[in-house]
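Trainee: Using the sequences provided together with the hints, build the complete structure.
Protein sequence lines, in the order shown, are assigned to chains A and B. Quick note on my numbering: the first sequence kicks off at 140 and runs consecutively. Quick note on my numbering: the second sequence kicks off at 140 and runs consecutively.
Derived from the structure by calculation, the hints contain no laboratory data. Heads up, a few of these hints could be off.
[As the list claims (entries may be wrong)] To give an idea of the chain A side of the interface with chain B (calculated C-beta under 8 Å), a few residues:
id, residue
1, Glu280
2, Asn313
3, Pro322
4, Phe361
5, Trp390
6, Tyr395
Computed from a prediction, not measured in an experiment: that's the story for all the values here. All residues carry an ideal CB built from backbone N, CA and C; glycine is no exception.
There are 2 protein chains.
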Amino acid sequence: MKIAIDAMGGDNGSKPIVEAIKEFLKDNKDVEIIVFGKEVELQELTSLCRVVNAPDIVPMEAGALEVLRMKNSSMCKAVSTMKEEGFDAVVSAGSTGGFLSAATLILKTVPGVKRSCLVTCFPTKIKGKKVTVLDVGANNENNAEELVQFAYMGKAYNQALFATKEPKTYLLSNGAEEHKGSPLVKEAHKLLKEKNFEGFQGNMEARDVLNGDADIIVADGFSGNVMLKGMEGIAKMMSGMIKKNFKKNLWTKLGYLHVRKGFKDMSETMDYKSTGGAMLLGINGVVVKAHGNSDAYSFKSALKVAKQMVDFDVVNKIRESLKDEQRL
Amino acid sequence: MKIAIDAMGGDNGSKPIVEAIKEFLKDNKDVEIIVFGKEVELQELTSLCRVVNAPDIVPMEAGALEVLRMKNSSMCKAVSTMKEEGFDAVVSAGSTGGFLSAATLILKTVPGVKRSCLVTCFPTKIKGKKVTVLDVGANNENNAEELVQFAYMGKAYNQALFATKEPKTYLLSNGAEEHKGSPLVKEAHKLLKEKNFEGFQGNMEARDVLNGDADIIVADGFSGNVMLKGMEGIAKMMSGMIKKNFKKNLWTKLGYLHVRKGFKDMSETMDYKSTGGAMLLGINGVVVKAHGNSDAYSFKSALKVAKQMVDFDVVNKIRESLKDEQRL
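Mentor: Below is the structure:
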């Protein structure tokens, strides 16, 4: 297995990424890593893996054309070398827009895919169970046919990751009833029913997404992004309040000692860093976007996700599941 | 001031509503209350206010036409009597869809308003500061002109409630930069800039909505609803985890004693019940939708919001602010 890594572009520079690669290679000696970035910053890695000098960094706000023009950027070079040399996966913590553009334009979408989409997993009330949500932000707008494809791709991803037999799939909506929803949701609902999509359960409101019932939530890229970031925002606010409550004085610190374990478990459950970022589905190759502000732990999680997706052959599973879709 | 109340239709029956009215009247002797519902369940109130027998309950899933046909329902009668006798406000904890339909069709929208919308307030990181969010679910879909009107209506509401001079207004988007967003957000952004909308600050991602910078967040009804309910869902999940952590055993209960005050403050800050539900803006009259699962405290908060909105003459303020919009 060969994984290309863009070592630049994350908010915290190359340091945590170098750390993550070293850690990852300890547990995964069978994986070949090729790292792209400023050579001088990657000295520590030269004995462990191939290092390719690609000193330019794609800025956070770069548009699609700008990215492609930056041929010597670590991001562009990682993606194009992946294509040329047939690597299995590419991972970057750089600009989301830039990375999605580069991956889509260089690696191309799987035949039949109308739009690629970003998928990630959220924790749920049920310990250990995660819910797969897509699209969380690759698209600004989607039509009903695209949502239907997201359902097929989400199923392949969910089955690869969790070995679910018939994952329960819902459409994100503003009401659970069949007749509720935006015109887009209503149309996608109709199409999924017509196709007898296995495991389709109907609509789900955002407030129920984490209750553990759903395996997969399908949304357009804008709404999915709003839900993801809205949840992230309030979770961060509440975590901040909890910390402040415990740090107030000697008494509250003493109180913390009594409940430390429970709150540590809780923050692990809620920690988005452990999810390892999001994967871009519908592309020829495994493309994983790590969080922009990745630390070593978070970037290592992203590498693990990439490996798992290659192991489970998720790209081919998507190819097959889209054949199913077209047959119906 | 005269307020009509639909005492039926909430998830918990008329009991908490009767309780709330009694409490509210203790502090607001100058307000005249007219209650609609099953007379037998409202005996306690007959000495305190006018009680009108309207025994039918609009079911949670009733459509617009169905509601209007239910002339003897507590909800319909409250709204239609409000119109006939010129009350200032109406409050209900019943079916959201039914209540919005009845209010819109019977009371009619303010001249010039394209679509009414639901507005509510969220807590923020800054103690005591709330952020006004609209539309949180009156519409399944909106166009850019409607979003612009929401900005005008939101401003009138925010200024009435918090006496802000020039509230900072943002569009909810999937990226903060001007060129980001759905086609709808981009178009609304352009229109607000063209109109030189005072206080318009650009786009905001859902993760920053609670950071205290924004006074007003403008969204289409679908996205606003997804954000509201997504935040509600994760806040509930985290609160459940916190409670469980403290209740585990004698030690953790002891720990709770040390931090009780902080966590009580926190749950008060996060408590959506204290926001008193949502107001339907753009209608001829103050229309407040209390939470479906209102307890007495929550319904009393909704009554307080209704009173405040009448005191601040918010309906006329909206009328004036829309004149401003049309002038531009």
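Trainee: Return the status of the interface hint for A/Trp390: holds when the least beta-carbon distance to chain B is below 8 Å, violated otherwise.
Mentor: holds, 5 Å
Trainee: Please check whether A/Pro322 passes as an interface residue: C-beta within 8 Å of a C-beta belonging to chain B.
Mentor: holds, 6 Å
Trainee: Given a cut of 8 Å on the nearest C-beta pair, is the interface hint for A/Asn313 held or broken against chain B?
Mentor: Constraint on A/Asn313 satisfied, holds at 4 Å.
Trainee: Go through the hint on A/Phe361 and say holds or violated, using the shortest Cβ distance to chain B against 8 Å.
Mentor: Hint holds; A/Phe361 Cβ to chain B Cβ min 5 Å, cut 8 Å.
Trainee: So, as I understand it, the hint says A/Glu280 touches chain B; can you test that by seeing if any CB pair is closer than 8 Å?
Mentor: Since chain B brings a Cβ to about 5 Å from A/Glu280, closer than 8 Å, the hint holds.
Trainee: Just to be careful: measuring from the Cβ of A/Tyr395 to every Cβ in chain B, is the smallest value less than 8 Å?
Mentor: With a minimum Cβ separation of about 7 Å from chain B (threshold 8 Å), the hint on A/Tyr395 holds.
Hint compliance for this structure: no hint is broken.
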